[in-house]
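Given these sequences and hints, build the entire structure.
Residue numbers (our numbering), protein chains in the order written: chain A, 1 to 385; chain B, 1 to 373.
Among these hints, one or two may not hold up.
Take a look, some chain B residues computed to stay more than 10 Å from chain A by CB distance [unchecked claim]:
hint, residue
1, D72
2, L76
3, H95
4, P249
Stretches of chain A that chain B covers, calculated by requiring three or more beta carbons in the stretch to come under 8 Å of a beta carbon on chain B [stated by the list, open to error]:
hint, region
5, 25 to 38
6, 81 to 95
7, 222 to 233
Calculated Cβ distances over 10 Å to all of chain B for the following chain A residues [as the list claims (entries may be wrong)]:
hint, residue
8, E44
9, R128
10, D164
11, R378
If you're looking for bench data, these hints aren't it; they were derived computationally from the structure.
Using N, Cα and C, we set each Cβ at its ideal position, and we do this for glycine too.
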Amino acid sequence: MQLPKVFLFCAWCGVALAAPHIPGSDGDVLERLPGRRDDPVQAELRSLRAASNAAPEDSAAAATLARRYFDLANAEGDPRYVGYAEAALRRWPSNDAPVEVLYVRGLLRQYRHDFDTALGEFERVLSREPDHFGARSWRAGLYMVRADYASAARECAALPVEKDDLYAVACRAYIDATTGKTAAAYRQLAGALAADRDVEPGERLWVLTRLGEMAWRLGDAAAADRHFRDALALGRDDNFLLAAYADFLLEQGRAKEAARLLRDWARSDTLLLRLAMAEKQLGSPDAQPHIQALGERFAAASLRGERLHMGEEARYLLDLKGDPAAALAVGLENWKEQREPRDALVVLEAAAAARDAKAAAPVLKWLEQSGFESERMRRAAASLR
Amino acid sequence: MRGLLLALLLSCATAEAHKPSDSYLTLFADGKTLRGQWDIALRDLEYAIGLDANGDGAITWGELKAKQAEVDAYALARLSLSADGKACRLAPADHLVDDHSDGAYAVLRFRAECTPEGYGRIAVEYSLFFDLDPTHRGLLRVERPGDSETGILSPERPRLEIRAQARSRLEQFSDYVREGVWHIWIGFDHILFLLSLLLPAVFVWSGSTWRPAERFATTFWDVFKVATSFTVAHSITLSLAALSVVELPSRLVESAIALSVVLAALNNVWPLVHGRRWMVAFGFGLIHGFGFASVLADLGLPRDALLLALVGFNVGVEVGQLAIIAAFLPLAYALRGTWAYRRLVFVGGSAAIALVAAIWLTERAFDLKLGLI
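What follows is the structure, encoded as structure tokens:
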């Protein structure tokens, strides 16, 4: 039932706060910053900022600065950089802003899950530069998040590369693997990777992660494990890879390895979630403080009136708090915007635990129409029918 | 160009290790004095004015203290408070630190010197960090004697006006009355129970069959007795449960409520109890009271106004009930002699109610969702 506003006054009540205090000594370290002043990244940012400030009319300098902030936000998982990037582009608010501004604006909008605006910005970029690779591939990615596979396929086909280029293959394989053609997608993507000799480590990591997921869903745990390990061996910290591999390990009953993998990643919400799940399975004493920390982060985010991680929040409610009804509600809210397989899975599992098949109808419909192949998803769906 | 696609298909799963920038502004208002506490992230202060004097990537208490005057000046220049339209002068009082879920915050406590005559409303105008980070938010909480209110300050909405006094007792009371009415209105199980008891009120039992009542007074008193005993009964258990004297598991309560509807409706089709329906209303009313109590608990009971909430909610439930009776009774009385009322409404309606309630009973007792209704 919808409570009237008057009863929601106590919005802060669930948020645990430490008490304000006066530190014992001047030497007490209160906060660690992302980098020292002589850190190369900080130095680079300083010089980009100076360049942009020195030429406030220069949209290219502003876009470069904003783009650098955006990359940092992704690498470090720190959304403050997205705010700084938006500030850098403030002088160019209109739709006829220079292409480089429109493009970065699109990146920033999607980061904040404003997918409609982001698609629009990329569309404007493409109307002026039809061969803009970034805008085209972002549109493909955004359509995937929305489970609009036909539109995603159109964007893949329009990528300004040869049909057998690794990019074109990866783009198509990503769609095929989500729409019931996992085995073929796996073969093609593995083939394209083997055929391409000068693959950058970043892109190799992505392809290997996807191959790992596909092999896992095809039931070949050994191959999946090999792909994930090959990706890890590239030595790059990648949140998405770690999350995917941890999910795999957890499902394979290898919670100990998952906990070891994520030991140093508690600062990432998505990885802290998996770490706490592993610790809970192991009965570790670390589980409780981690579960509590996650709860505090979700509560703090909701104070802003923003909930960007509802998929994770639903999983947290289902697996860590044992509250399937709340998990179902949050998962369905998330499903309105984000429709990737893991968003579907949490709804199905929450609905099964809450014994509420009716609520899961939109996700069951997606499962039927997409033909997504996953043993675990099928099991969850079957238990609802 | 290469490397882009990968960034793309990954980043929708971006991890956020931190949350975006927020400050926490709490105002303590009582209509006469005004104090504030403002928690501002050290990360943000570092970006705006620079705190890390030695550049080692760590902010110490000593470094923060050295910049305290600058922090105060920077922050307070970006906040203005006014009471009933008159600007307040803000004066820093204490400096502390605190930890929030995403790191350390400087805690600035301040006094606001407003009008000496007392005030009714406070206006907050906020612009901290909006120029550096348009995604920054000021999370405002106003603590008043008796309650509190929150708001979000953003570049789109940098000004909020909030009243300085708690909601009056009368307003709080009327909120609970409204909740009570609303709950009866959306609580189909209570409505159906009441209807099952009311449907035969326009008849008299003649030993083997129902006959239309000859006088409205008979019907009226019958309804009066049923409604009153239902009310008295559920008021008793509602109060006991709200005061935590008696607590029952909600699955048991909800199942028993469904059962009460089944029995009341079946009694119309195959009468076992005819004369003393008020006793049935009383007995099952006790169960329904526990159901009301769980709603009241969900709303959150004010500790300092428990009685007010209890009475208000109860009054609301009664008002809702009376409205249903007032709509039902004249119509039923007018139609009591017709075939449509006797067969369709009375027997058919009762059977339908019993069926619906039986489905509820199954769902609630076995924790199932049948999805039939």
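Next on the checklist: Flag every earlier hint the structure violates by its number, smallest first.
Outcome noted: As far as the earlier hints go, 3 and 7 are violated by this structure, in ascending order.
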